[in-house]
Structure formats: structure tokens, C-alpha cells
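**Q** In order, the protein sequences belong to chains A and B.
Residue numbers for the first sequence follow our numbering, so the first one is 22 and each next one is one higher.
Residue numbers for the second sequence follow our numbering, so the first one is 955 and each next one is one higher.
Because the hints were derived from the structure by calculation, they are not lab data.
Quantities reported herein were computed from a predicted structural model and do not represent experimental measurements.
Just so it is clear, CB atoms sit at the ideal spot from N, CA and C, and this is done for glycine as well.
Hints are supplied without guarantee of correctness; some may be wrong.
Straight-line C-alpha distance at most 25 Å; calculated DSS-like pairs for lysine-lysine [claimed, not checked]:
hint, chain 1, residue 1, chain 2, residue 2
1, B, Lys-1199, B, Lys-1136
2, A, Lys-113, B, Lys-1627
3, B, Lys-1199, B, Lys-1175
4, B, Lys-1325, B, Lys-1395
5, B, Lys-1261, B, Lys-976
6, B, Lys-1471, B, Lys-1461
7, A, Lys-84, A, Lys-70
8, B, Lys-1648, A, Lys-110
9, B, Lys-1627, A, Lys-84
10, B, Lys-1169, B, Lys-1029
11, A, Lys-110, A, Lys-70
12, B, Lys-1530, A, Lys-70
13, B, Lys-1169, B, Lys-1010
14, A, Lys-113, B, Lys-1648
15, B, Lys-1136, B, Lys-1010
16, B, Lys-1530, B, Lys-1627
17, B, Lys-1471, A, Lys-110
Cβ-Cβ distance ranges computed for the label pairs, FRET-style [said to hold, decoys possible]:
hint, chain 1, residue 1, chain 2, residue 2, range
18, A, Thr-27, B, Ser-1517, 24 to 34 Å
19, B, Ser-1547, A, Pro-55, 29 to 39 Å
20, B, Leu-1602, A, Lys-110, 16 to 26 Å
21, A, Tyr-97, B, Ile-1643, 39 to 49 Å
22, B, Asp-1651, A, Lys-110, 19 to 29 Å
23, B, Tyr-1635, A, Arg-80, 44 to 54 Å
24, B, Thr-1632, A, Lys-87, 29 to 39 Å
Here are the chains, one letter per residue:
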Amino acid sequence: MNIDITQEGNTYIATFDGRLDTVAAQQIAETIEPLLQHADQNIILDCEKMPFISSSGLRIFLKIRKEVSAQGGKMYLRKVCSDVQQVFKMTKLEELFEIID
Amino acid sequence: MSNESSLADKSTKNTDSSGFTKWELVKILAAIFILLAASLTYYLYVRKEILHNDQKRAEVALKHTENIIRSRFGKVETILGAMQLMAEHELNDPDEMFVIAHYTVKSNPIIKSAGLAFNKYYYPQKGCWFEPAAANIPGIDTLVVEQIGNEGHDYTKMEWYTEGLMYEEGVWSDPYPDHYNKDSYLMTFSLPVHNAIREPVGVICADIDIDTIAKFIRSVKLYPHSFCTLVTESGIEVVPPPSTKLNDKYYIFTKTMEDKNIILTIYIPYSDMYGRLRKSTLVFFVLALLGMLAVFIITYSYIRNIKHLNEVKINEERIESELSIACNIQLALLPSSPLPEIAGNMDVKGMQISAKYVGGDLYDYYLRDNKLLFCVGDVSGKGVPAALLMAISHSLFRTISAHNDHPDEIMKELNVSMSANNPDMMFITMFLGIMDLKEGKIRYCNAGHNPPIVVSNGKAEFLSTDPSLLLGVEPSAKFTAYDLTLAPGDTLFLYSDGLTEAENERKELFGEKRALKTAAGFGEMTAEEQIDRMCAAVSRFVGNAEQSDDLTMLAVRRQPALSMLTLTNDLNELTKLEPFLEDTFRDKNLDASVLSQISLALEEAIANVIMYAYPEGQKGTVTLKIDGPSEGVVRMEISDAGTPFNPLEHKEANLDVSLEERQIGGLGIHLVKEIMDTEEYVYRDGHNILSLSKRVD
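Construct the entire structure; sequences and hints are all you get.
**A** Encoded structure:
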């Protein structure tokens, strides 16, 4: 699991590359720290290269969203594959995330 | 060498049944002796009976004869008594005595002559002697009456006269020869004649001719050669033994008439008395002897047969037991338990029930170079020869297949070896297969054997490829190999004709239909369970009928795709899960998203175990087993030895409340339940076992 974070103006884009499974979710706790620090900005989580997400991964997403909503920023999920969307559906989290193409 | 010859000697001694032994001779002699003793006893017993019986008959005959004699004599005594009274009445007139004498003879035919004699000078006018007498003279047929007393015939000196005077009751003389006929005898009865003062003054007498009595006595015959005699006490033979008297021993029965000085005797010759008995005893003995001889001959030949049969049987049993030992050794080489190396992929089980002591069926399987080699064969015939050939073909199978991977070539070699030396044209049918364990691909060759049953997804059908020629008959026979692939869970069920031709008491056959039907019900059974099921079906059908043929079965089953992964309780171990699943479900044509969901659910469930099952710091493992997909379902099982905990009862994440209020921890289990079709939890044998299933078609 690689996370590449880039900045375009006041928008931070985190590109998730690989499976966000339980092991990966533990490893990326520090990697996402910059995102949490800029939670007052726009944050886009690019999921195009993320085929899989576990409940731990979901918790990472929920953690970011909580921070964003607390600091008045905005969070978008981009290019979510159908398998992951399916997981959102099953957990009824789809409405919590704003998904863009 | 000396050992062998002494053994041979012994066996000839034991088996020689053509001559009598001393003991047997003694037995035969004893039997004849018993027969003789029986005949003798019979003879003596009947002889005693005959003697007793004849004694009675003789007594009766003698008594009867005596009675006849006595009645004759009595008659004379009565007549003479009457004449005595008449004479005493007319005593004064001597001439009247002539009349009395005349009358006595004339009126009584049994009286031959009669007379009255008086004391000397009783009638002085008549002189010294006076004896008026009347007599029938034989030949003249005239009754002569005259006075016969004179000096030359001085009756006063005669016994009849002197005794006649003395005995008031009268007296009989001894028989004496007739004066006129020397061949016949006379007897004289004398009575005294009294005067007025009861003094005896003379004697009245009558002669009786005993010819008629003699005639009667001669007619007394108890047997053809028996006879009766009459002898006086003084020894005169009145009725002597006949001239036809035999030169034989006689039984003698005697009756003495003391008052008449007469002895009556009946003579019975032994030959008459016991002749018939002797004859019948002899016939009895001869017949019994013949009967015994017949019984002896029958028994003897019977015993000889039994002896012969016993020898044959003992021989057969010896050979059979020796061969059964050989056969057991051979059978011990046959595989009896599952092969541990392939337990994960393949499941093989064979079974054999021999109808006779040793059987002609054969099955074998073994593992070589990641291949399973197996065969089922049936040798023609039963018993010892079949077992021998079976043992040989088993050895050949092992030897030839050890270095050859082509069933058709193995068969060809087997065939050449077996037909090379087969004078009795015994043959073997055989199905031989070599299975690639990884792929489940079987290359097989069928030499005239019953087509095996392929069981797949609850359907059973015969593997009907054209069989090649059976083994052992034609050295140049060609063999063709075919391919078959067993999918996980499929079974190739091999058997001998002892299965389809198992007979019940009504002589019906178990048949192919029943075999197919039973196989179709195998379901998820292991090879061993399949064999047991088929066995139970056959024995239910056969009932109490005797097993008619060897029954051999071999089930080769490809395990349902069962994969297993064991992880320690470290979250990093989860990285092994994804490659494992990829490996497990490769080539299963599973939908990628379904696969992804399964992957997610398993990860959630296993992560749950890794994080919470074992107390902090304690090492532990979690095991995942995956079975299938079979019949469209993948079955999964996650087990650990941690604290008993049912994740399914864990409070569900309440997804409807606002995000902030959500309990994040329940998400994983929620996903598991959401993805899987069934979830079950049990705590068993110290393990938490979570069973999951998911339809994938």
C-alpha cells in the first residue's frame, strides 16, 4: 500500500495504491497524518488503484472524514471501484462519502 | 533324501486300504462266531421245545393206547363176570357148562375161546378132569365145543387155573402164543367159580386175541419212522419193533400197565424229531452268513470310499491351507489404509471379500512420482488356481508398473508375461489406471473388466469405453489407453463382477442398475464410506444367500478442493491470506467481485481472531480451511484455540445512527454476515470454530 499525497492549490490529493486491508490500514496511520493536519482544506482520496478495502481501511476513511467535518474542510472520494463501492453499500457508508469521478 | 523316502513309506502304509489288517480279520471271525452262536442257541431252544412237545404227544398217545387196551380187557372182564354168575347158578348140572362155554364164545367176537375147569373129581361122574371148552378154530370157521381136560392136559397144574382159584377179582395171564396160530398172541382172564358156600371149586376163563390191540399199537405213529411196542414184563415182545427200524438214535417214551404186566413204548428216531429243525437251522445260518457277507461287502466298499475321500480332503485342505498362507502373505501386500502422502488430494479405499477360502480377485494401488497407480482384476475361476494366478498377476503389476507410466504398455507387458505360460487358458480381466494427483487426470486401460462407475455431482454412470482383450489369452493383443479427469469430489468406483452378480436367495442379481443407483447416492462421502455404503446395499440385497463370488471394490475419489492456511496471531500474517486465496481459487472461474467479497469477509473474520482471541502476549494460531466450490458453494472454516468467543453474537454495528455515535468495532463482523450466506459458530474440543458458506454460481 502506497499513499502519495500531492497538493494542488488548497486541495490535497491522496492517491491510494494497493489493497487497503487490515495490515495496510495499520501501516498508513502515520502516512495520512498530513491529511489530518490540513483537514480544513479540500481533501480528495483517489481510489482508482485501490481494489480492496477492509473495515480497518474504512476506519481510516472515517477518521479523515471526522477530522475534516470537525475542521470545516471537504472530503471527496474519487474513482472508487465497484468492489469497494459494494463494501460501502454493505456498511451503509455510501451516503457519508461524496464520491466523484 | 532318507527323510523323504521314510515319509513316503509311511504314507503308503497309511493309505493302503486293499488288504485286511489282523484286527479286521478278528472282527470278521468274531461276527461269524456270533452268528454260529445265535444259530446254535436257536437250535437248542427249538430242540428243547420239540422234545417237550413230543413228550406230551407221546404221553397222550400212550394213554390213549392204554385206554383202548383197558376197554377191551374190561369188556372181557364184564362178560366173564356174567358167565361166572351163570355157571355158579347152574353148578349142579355139569352139562350146562358146555352151554355156557359155547354161549360165551358165540356171543362175544372178541373172545376167541372160553372154558370152565373144575377141581379134580368135582363131578365124580365126569372123571378126574372136567374142562368143557368152546373155541373158534381158525381156518375151520366152526365153533368147537368139547371137554379137553385129561391126563395130558392137566389144567390143575396150570398157572391160569391155580391163580384163577386164588384171585376173587380175577386174574390176567401174560400174553402167550396161540395154540393154533403161533404168530398171534392170546391173553387169558380167569375167575373162580364158587359153590353154594362160596368155596372156589373151579375156574372160568376166556382167551382174548390181542391181534386187534397189536394192530392198533402198530398204527400209533408220531413221526414217519416212529413206532410203538408192547412187551410183557417177562420180556415177551408181543408187538416188536418193526423190521423197518432205522439204525439211528431213538427217544423212548414208556408206559407200564402194572396190573397187566404190559409195557408200552414209543420210539422216535432223532432224525424224524429234529430233522426239520436241523435243516431250518442250517438254512438260517447260511442265509445269515450270506446277509452278513453282503453287509460286509457294502460296508467295506463304503469305508474304502470314505477313506479315499478323506485322503483327498486332507490333501486338499493341506494344499488349501498352505496356499491360503501364501495368499495371506500376498494380500498383506495389498494396501489397507489410506495413503498418508496423498490424503490431502486423493482419497482411496479398497476392499475384498473372498467367497472361498482363497480368492481370485485382486486390487492394488500405490503412489509413485506424485502419481497414483491402481488396478482391479478378476481371475477366471475360483479357489486355489485362481488365487495363484492372482498372486502372480499382482507381482507382475507391481514389477511392471514400477517403471512405466503408460497403462496400455503395462497391460501389454502383463499380457505377454501371462500368456507365455498359460496351458490352462486361465485369464484375467483388469482395469488399470494411473492418476496425476495434481490435475486429477487419469489415464486408464481396461482389459475386458467391468466398466467402472464415475460418480460426479450426484450422478453415476459407467465409464463405457471399448474394452481391450482380457489378459493371458492372446500374446499379441493390443491395448488402448484413454483419459478421464476427475473433478474435485468426483469418484471413480471400480469393482469386480462379484458386485453386479451378487445373488439373493431368489437367484436374482444385484445388477448394474442397483450399483449405479447406490453410487449416485454417495454425495460427499469419503472413499471408505462409499465402500461401506455399497457393501451395505449388497448385503441387504443378498440377505441370507451364500456369497457366490469374490467381491472386490476400489473407490478412487478426488478430494473436494480443500485448502488450508494456518496463521499465527500476528496481523502481519494476514498478508499470506490474499496469495493463498488466489492459489485456492485459481482456475475456478469465480467472479472477481465475489472473490473479492470472500476475501474481505475472511480477512475480517481472521483479523478478529488475531486481535481478540488470545490474551495479550500469548502466541496462538488461526486456521482457515476452504472446501469447494462444490455444487456452487464454497465452504469455509476458521478455527482457533483461543478464549471461547462467539463473534456472531457480538453486538452489531448500528449503521442507522449517526456516524459519530457509531461503534466502529462491529463493522468487520457486520461485513462477514453481509457477505456470507450462512454463518455458524461452535466451540468444540477447545476450539472456536466459525463455519461460513457462500454461493458462487
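**Q** Work down the list of hints and note, for each, if the structure agrees.
**A** Checked hints:
For a cut-off of 25 Å, the pair hint linking Lys-1199 of chain B to Lys-1136 of chain B stands: about 23 Å separates their Cα positions. Simply put, Lys-113 of chain A and Lys-1627 of chain B have alpha-carbon atoms about 14 Å apart, close enough for the 25 Å limit, and the pair holds. At roughly 13 Å between alpha-carbon atoms, Lys-1199 of chain B and Lys-1175 of chain B fall within 25 Å of each other, so this suggested pair holds. Between the alpha carbons of Lys-1325 of chain B and Lys-1395 of chain B the distance comes to roughly 10 Å, so the proposed pair stays at or under 25 Å and holds.
Proximity of Lys-1261 of chain B to Lys-976 of chain B is assessed by CA-CA distance (about 18 Å); at most 25 Å being required, the pair is judged to hold. With a CA separation close to 20 Å, the supplied pair Lys-1471 of chain B and Lys-1461 of chain B stays within the 25 Å bound. For the proposed pair Lys-84 of chain A and Lys-70 of chain A, the alpha carbon gap of about 21 Å is at most 25 Å, so the pair holds. Distance check on the hinted pair: Lys-1648 of chain B and Lys-110 of chain A sit about 19 Å apart at the alpha-carbon level, within 25 Å; holds.
For the hint linking Lys-1627 of chain B to Lys-84 of chain A, the alpha-carbon distance of about 24 Å falls within 25 Å, and the restraint holds. Straight-line distance between C-alpha atoms of Lys-1169 of chain B and Lys-1029 of chain B comes to about 18 Å, which keeps the hinted pair within the 25 Å bound. Simply put, Lys-110 of chain A and Lys-70 of chain A have alpha-carbon atoms about 19 Å apart, close enough for the 25 Å limit, and the pair holds. For the hint pairing Lys-1530 of chain B with Lys-70 of chain A, the CA-to-CA distance comes to about 21 Å; that is within 25 Å, so the pair holds.
Pair hint Lys-1169 of chain B plus Lys-1010 of chain B holds up; C-alpha atoms about 23 Å apart against a cutoff of 25 Å. A threshold of 25 Å between alpha carbons decides the hint, and for Lys-113 of chain A with Lys-1648 of chain B the separation of about 21 Å falls inside it, so the pair holds. This hinted pair does not check out: Lys-1136 of chain B and Lys-1010 of chain B have alpha carbons roughly 36 Å apart, beyond 25 Å. Only pairs whose Cα atoms come within 25 Å are accepted, and Lys-1530 of chain B paired with Lys-1627 of chain B is accepted, the gap being roughly 23 Å.
Restraint check for Lys-1471 of chain B and Lys-110 of chain A: not satisfied, since their Cα atoms lie roughly 47 Å apart, outside the 25 Å limit. Look at Thr-27 of chain A against Ser-1517 of chain B: about 41 Å separates their beta carbons, and that is not inside 24 to 34 Å. A hinted range of 29 to 39 Å for the beta carbons of Ser-1547 of chain B and Pro-55 of chain A is consistent with their spacing of about 32 Å. Checking the proposed 16 to 26 Å range against Leu-1602 of chain B and Lys-110 of chain A shows it holds: the Cβ atoms sit about 21 Å from each other.
The hinted range of 39 to 49 Å is satisfied by Tyr-97 of chain A and Ile-1643 of chain B, whose Cβ atoms lie roughly 43 Å apart. Roughly 22 Å separates the CB atoms of Asp-1651 of chain B and Lys-110 of chain A, a value that falls within the hinted 19 to 29 Å. Evaluation of the 44 to 54 Å hint for Tyr-1635 of chain B and Arg-80 of chain A yields a failure: the beta carbon distance comes to about 24 Å. A hinted range of 29 to 39 Å for the beta carbons of Thr-1632 of chain B and Lys-87 of chain A is consistent with their spacing of about 35 Å.
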